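Engineer: Listed in order, the protein sequences are those of chains A and B.
Numbering-wise, our numbering puts 73 at position 73 of the first sequence, and it's gapless, one number per residue.
Numbering-wise, our numbering puts 73 at position 73 of the second sequence, and it's gapless, one number per residue.
Heads up, a few of these hints could be off.
Said to hold, decoys possible - Here are the computed distance ranges between Cβ atoms for each label pair: (1) A:127 with B:82: 39 to 49 Å; (2) A:27 with B:15: 19 to 29 Å; (3) B:9 with A:112: 17 to 27 Å.
Hints in this document: simulated from the structure, not taken from any laboratory.
Given the structure is predicted, the values throughout are model-derived calculations rather than measurements.
We treat Cβ as the ideally placed atom computed from N, Cα and C, and that holds for glycine.
One-letter residues, chain by chain:
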Amino acid sequence: MKILIVEDNFVNRKILTKYLSAYGEADIAVDGKEALDAFIAAHKAHDPYQLICLDIMMPNVDGRQALDLIRKYEKDNRIFNENPVKILMTTALGDKENIIDAFISQCDEYIIKPIRKEDLFKKLDKIGIKVIYNN
Amino acid sequence: MIDIQKLADQLGLDVEDYTELIDLYIETTKSDLEDLKTALVDQDAKEVHRKSHSIKGSSGNMGLMELYETAKEIDDNARADNLEGLEDFVLSFSKQFQKLAQEIA
Numbered sequence: 001m002k003i004l005i006v007e008d009n010f011v012n013r014k015i016l017t018k019y020l021s022a023y024g025e026a027d028i029a030v031d032g033k034e035a036l037d038a039f040i041a042a043h044k045a046h047d048p049y050q051l052i053c054l055d056i057m058m059p060n061v062d063g064r065q066a067l068d069l070i071r072k073y074e075k076d077n078r079i080f081n082e083n084p085v086k087i088l089m090t091t092a093l094g095d096k097e098n099i100i101d102a103f104i105s106q107c108d109e110y111i112i113k114p115i116r117k118e119d120l121f122k123k124l125d126k127i128g129i130k131v132i133y134n135n
Numbered sequence: 001m002i003d004i005q006k007l008a009d010q011l012g013l014d015v016e017d018y019t020e021l022i023d024l025y026i027e028t029t030k031s032d033l034e035d036l037k038t039a040l041v042d043q044d045a046k047e048v049h050r051k052s053h054s055i056k057g058s059s060g061n062m063g064l065m066e067l068y069e070t071a072k073e074i075d076d077n078a079r080a081d082n083l084e085g086l087e088d089f090v091l092s093f094s095k096q097f098q099k100l101a102q103e104i105a
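All chains should be modelled from the sequences, with the hints used to inform the complete structure.
Structural biologist: Encoded structure:
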């Protein structure tokens, strides 16, 4: 499975990469702008991402803006009904407003940091993403 | 004394993976903390916010809640453009952090 981790914090990127190694290879973007570029490039190469883990608070283009832009791209290119990417928002403790906003902009799930492996796996299972490698 | 096993269990990682991550955390935070101190001397609230936010995020995700709480105080104040008295929090963070770094080394 092709995964994109969008996270500006170096340590958090490493943690997520480690967790998600059970699901496949993950690419990294450090802000929403990079995420959108990677997302569009993957589509143009006909090898789109199946999962994007998207942090909310990031410099330049933040996670909510990136979410809107990704869904807009899917809509404009009529990808939405065929194969929309699963998006899991990752957010800091108790950031309720951001989460509600994220659902309005059509993310699939959210998880609150600090991320525990078990919680992450449960959320992914809920949106139909299964573990591939048992390590 | 830091209980690596407990911290690793909390996140659902094995000790080996957690140890690898905490080494990275210490390296990154050491450099962030230096930048944070410089920014505070320069009274650059934006940079203090940026650095403390980064430290807060990684501390929280490593399950280091005491360090997370202290970094959060710095972050909240800097975000509100209030740098007064933050030296004490930075000093307190440094002490906790050094203790952790020594225990890990």
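Engineer: Hint compliance check: list the failing hint numbers for this structure, sorted ascending.
Structural biologist: none
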